[in-house]
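*Asks:* From first to last, the protein sequence lines stand for chains A and B.
For the first sequence, the working numbering assigns the number 1 to the initial residue and increments by one for each residue that follows.
For the second sequence, the working numbering assigns the number 1 to the initial residue and increments by one for each residue that follows.
Wrong hints could be hidden among the right ones.
To be verified - DSBU-like, lysine-lysine: derived pairs with alpha carbons at most 30 Å apart:
{"id": "1", "chain 1": "A", "residue 1": "Lys45", "chain 2": "A", "residue 2": "Lys5"}
{"id": "2", "chain 1": "B", "residue 1": "Lys38", "chain 2": "B", "residue 2": "Lys117"}
{"id": "3", "chain 1": "A", "residue 1": "Lys240", "chain 2": "B", "residue 2": "Lys38"}
{"id": "4", "chain 1": "B", "residue 1": "Lys229", "chain 2": "A", "residue 2": "Lys96"}
{"id": "5", "chain 1": "B", "residue 1": "Lys38", "chain 2": "A", "residue 2": "Lys70"}
{"id": "6", "chain 1": "B", "residue 1": "Lys200", "chain 2": "A", "residue 2": "Lys139"}
{"id": "7", "chain 1": "A", "residue 1": "Lys229", "chain 2": "B", "residue 2": "Lys240"}
{"id": "8", "chain 1": "B", "residue 1": "Lys200", "chain 2": "A", "residue 2": "Lys248"}
{"id": "9", "chain 1": "B", "residue 1": "Lys240", "chain 2": "A", "residue 2": "Lys102"}
{"id": "10", "chain 1": "B", "residue 1": "Lys188", "chain 2": "A", "residue 2": "Lys188"}
{"id": "11", "chain 1": "A", "residue 1": "Lys39", "chain 2": "A", "residue 2": "Lys21"}
{"id": "12", "chain 1": "B", "residue 1": "Lys70", "chain 2": "A", "residue 2": "Lys70"}
{"id": "13", "chain 1": "B", "residue 1": "Lys200", "chain 2": "A", "residue 2": "Lys200"}
{"id": "14", "chain 1": "B", "residue 1": "Lys117", "chain 2": "A", "residue 2": "Lys117"}
{"id": "15", "chain 1": "A", "residue 1": "Lys120", "chain 2": "A", "residue 2": "Lys85"}
{"id": "16", "chain 1": "B", "residue 1": "Lys139", "chain 2": "B", "residue 2": "Lys85"}
{"id": "17", "chain 1": "B", "residue 1": "Lys38", "chain 2": "A", "residue 2": "Lys200"}
{"id": "18", "chain 1": "A", "residue 1": "Lys188", "chain 2": "B", "residue 2": "Lys80"}
{"id": "19", "chain 1": "B", "residue 1": "Lys139", "chain 2": "A", "residue 2": "Lys248"}
{"id": "20", "chain 1": "B", "residue 1": "Lys117", "chain 2": "A", "residue 2": "Lys248"}
{"id": "21", "chain 1": "B", "residue 1": "Lys85", "chain 2": "A", "residue 2": "Lys200"}
{"id": "22", "chain 1": "A", "residue 1": "Lys96", "chain 2": "B", "residue 2": "Lys248"}
{"id": "23", "chain 1": "A", "residue 1": "Lys188", "chain 2": "A", "residue 2": "Lys240"}
{"id": "24", "chain 1": "B", "residue 1": "Lys80", "chain 2": "A", "residue 2": "Lys229"}
{"id": "25", "chain 1": "B", "residue 1": "Lys70", "chain 2": "A", "residue 2": "Lys229"}
{"id": "26", "chain 1": "A", "residue 1": "Lys21", "chain 2": "A", "residue 2": "Lys139"}
{"id": "27", "chain 1": "B", "residue 1": "Lys45", "chain 2": "A", "residue 2": "Lys96"}
No lab work stands behind these hints, which were simulated from the structure alone.
There are 2 protein chains.
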Amino acid sequence: METQKIVIFGCGNVANYFAEKFMLLNHNIIQVYHPDHKKSEDFAKICDAEAINNFLDIDVHADLYFISVKDDAIAEIASKIHTNKGLVAHTSGSVKLDVLNKHVRSAVFYPLQTFTKGIKTEHQNFPILIECNQNSDEKYLTDLAQNMGNSVQYMTSEQRTEIHLAAIFAANFSNHCIKIAYDLMQNKNHDAQILLPLIKESIHKLNFINPAQAQTGPAIRNDSITIEKHLALLNEETLKSIYEIITKHIQSSNQ
Amino acid sequence: METQKIVIFGCGNVANYFAEKFMLLNHNIIQVYHPDHKKSEDFAKICDAEAINNFLDIDVHADLYFISVKDDAIAEIASKIHTNKGLVAHTSGSVKLDVLNKHVRSAVFYPLQTFTKGIKTEHQNFPILIECNQNSDEKYLTDLAQNMGNSVQYMTSEQRTEIHLAAIFAANFSNHCIKIAYDLMQNKNHDAQILLPLIKESIHKLNFINPAQAQTGPAIRNDSITIEKHLALLNEETLKSIYEIITKHIQSSNQ
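This is chain A alone, in the form it adopts within the complex (with noise of 0.2 Å):
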């Protein structure tokens, strides 16, 4: 693949992911684009690149306009590109396609991944969803996404939603369960992090067996004593509720 110009919108934890990674694979981030001028100027700094904050200087010349901002400003931002034959493409879970209706050269470029500034992503073999106004793109985004190791799945923006949604349970429900069991440790100060073994391997198991095999625990046991036990030591009405609620759910879906 040739060396591509590229214009990055946003400069959040998504735009540092593929930044480093663009630039790995040689390619030219031209511009990035950020209202707050520091913090353009900063990501401008690491990225190489031209700091802009007002729509009106984008080059127009540029291959790619990788737009990776808050889901409720990718529509503004895209509504301000002139582009003489870039492709524009967003990468938001949640927010569908035809946002970027302005453009026939259009696409989602979705990664299936968390990311945190400031820690390497040891998973980087990530799958990319990804959907284009015009099937000659698919091309395109997929050399893209394989040149930095990762796999490549085409979904709808309907589909792209579903997957969505099943990763906020698999990712963001499972990591606040974590922080609900790191805040019991605390509360009672015991050192949270002795918990980790336990954490990893659970997920381990995974590499092997699906969630519902894998479930151990008192709820899956049906262990009332425990179960009531544990009711008894939880003094938050909310947690109460987040720990009946998911026990009689292990209960019952896993009959």
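Guided by the hints, dock chain B onto chain A, whose structure is given.
*Replies:* Chain B only, in chain A's frame:
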């Protein structure tokens, strides 16, 4: 540590894990007890031990009576053990030490880990939570645990229950969120396995930051448009409730 003569009660996931460890350390599993003749025979073969089904056959000369059975079966088994000088220990997270009251040398040896038969435990450096009726037994169980590569924490029955409760959230409930994600994927004919890099990365981050810092997604972003879209996609009432209660809890507890 000299070779210990051990009687194991139960043949579940925990019993299997420690039986293998004991053998690796050249301890001598002299008997395995299970009321089901077939199960005790099969397990006895693995352990190169005698299978017993009758409490009267328990060897009184063992060094360690290792009770790794369902919580509600511990008390009865403990009451049936007669020993000259051996230590009687159970492995439960939620059963108090005093259920072993009959024995002066009694203890809890609770592994803070999840085990599934047939899957080799990857994270073997988990802590073992130890509680002893006699302080003099702490060194014995600590040596036993450390020789297996485990760290040790001394905990009262009350503390152990607190940690067990946290472990339910950290492992069982997070696993169930992943199970829901797999179901959502499969119901829409998506390959659930494509979520694995995301799930693994979400856990990988916990090596560097705590789960509150690691949180991403629509709840923490207060992205009400995406949240509404997701709720509309969930057609099972309990799933809607789980989505709502966890979303609200993320929003309120991360402020």
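*Asks:* Take the hints in turn and mark each one as holding or not.
*Replies:* Going down the list of hints, with the structure as the test:
At roughly 17 Å between alpha-carbon atoms, lysine 45 of chain A and lysine 5 of chain A fall within 30 Å of each other, so this suggested pair holds. Taking the CA atoms of lysine 38 of chain B and lysine 117 of chain B, the gap is near 17 Å; set against the 30 Å cutoff, the hint holds. Restraint check for lysine 240 of chain A and lysine 38 of chain B: not satisfied, since their Cα atoms lie roughly 41 Å apart, outside the 30 Å limit. Proximity of lysine 229 of chain B to lysine 96 of chain A is assessed by CA-CA distance (about 12 Å); at most 30 Å being required, the pair is judged to hold.
Proposed proximity of lysine 38 of chain B and lysine 70 of chain A is contradicted: the alpha carbons are some 60 Å apart, above 30 Å. Among the hinted pairs, lysine 200 of chain B with lysine 139 of chain A is consistent with the structure: their alpha-carbon atoms are about 28 Å apart, no more than 30 Å. A distance of roughly 27 Å separates the Cα atoms of lysine 229 of chain A and lysine 240 of chain B; the hinted pair therefore holds under the 30 Å criterion. A hinted pair counts as satisfied when its Cα atoms are at most 30 Å apart, and lysine 200 of chain B with lysine 248 of chain A qualifies at roughly 26 Å.
Between lysine 240 of chain B and lysine 102 of chain A, the direct Cα distance comes to roughly 35 Å. Violation of the 30 Å bound is thereby established for this hinted pair. For the hint linking lysine 188 of chain B to lysine 188 of chain A, the alpha-carbon distance of about 42 Å lies beyond 30 Å, and the restraint is violated. For the proposed pair lysine 39 of chain A and lysine 21 of chain A, the alpha carbon gap of about 20 Å is at most 30 Å, so the pair holds. A distance of roughly 49 Å separates the Cα atoms of lysine 70 of chain B and lysine 70 of chain A; the hinted pair therefore is violated under the 30 Å criterion.
Taking the CA atoms of lysine 200 of chain B and lysine 200 of chain A, the gap is about 9 Å. The hint holds against a cut of 30 Å. Using a Cα cut-off of 30 Å, the hinted pair lysine 117 of chain B and lysine 117 of chain A is violated, with the two alpha carbons roughly 38 Å apart. For a cut-off of 30 Å, the pair hint linking lysine 120 of chain A to lysine 85 of chain A is broken: about 34 Å separates their Cα positions. Straight-line distance between C-alpha atoms of lysine 139 of chain B and lysine 85 of chain B comes to about 16 Å, which keeps the hinted pair within the 30 Å bound.
Between lysine 38 of chain B and lysine 200 of chain A the CA atoms are separated by roughly 34 Å; this puts the pair beyond 30 Å, and the hint is violated. In summary, the hint linking lysine 188 of chain A to lysine 80 of chain B is not supported, as the alpha carbons are separated by about 36 Å, beyond the 30 Å threshold. Restraint check for lysine 139 of chain B and lysine 248 of chain A: the C-alpha separation of about 41 Å exceeds 30 Å, so the hint is violated. A threshold of 30 Å between alpha carbons decides the hint, and for lysine 117 of chain B with lysine 248 of chain A the separation of about 25 Å falls inside it, so the pair holds.
Note on lysine 85 of chain B and lysine 200 of chain A: the hinted pairing is violated, with a Cα-Cα distance of about 38 Å set against a maximum of 30 Å. Under the criterion of a C-alpha separation no larger than 30 Å, the hint pairing lysine 96 of chain A with lysine 248 of chain B is consistent with the structure, at around 25 Å. The suggested pairing of lysine 188 of chain A with lysine 240 of chain A holds, with an alpha-carbon distance near 17 Å, which does not exceed 30 Å. A distance of roughly 26 Å separates the Cα atoms of lysine 80 of chain B and lysine 229 of chain A; the hinted pair therefore holds under the 30 Å criterion.
Distance hint between lysine 70 of chain B and lysine 229 of chain A is fulfilled; the C-alpha atoms sit about 16 Å from each other, no more than 30 Å. With a C-alpha separation of about 18 Å, the suggested pairing of lysine 21 of chain A with lysine 139 of chain A holds against the 30 Å cut-off. Between the alpha carbons of lysine 45 of chain B and lysine 96 of chain A the distance comes to roughly 60 Å, so the proposed pair goes past 30 Å and is violated.
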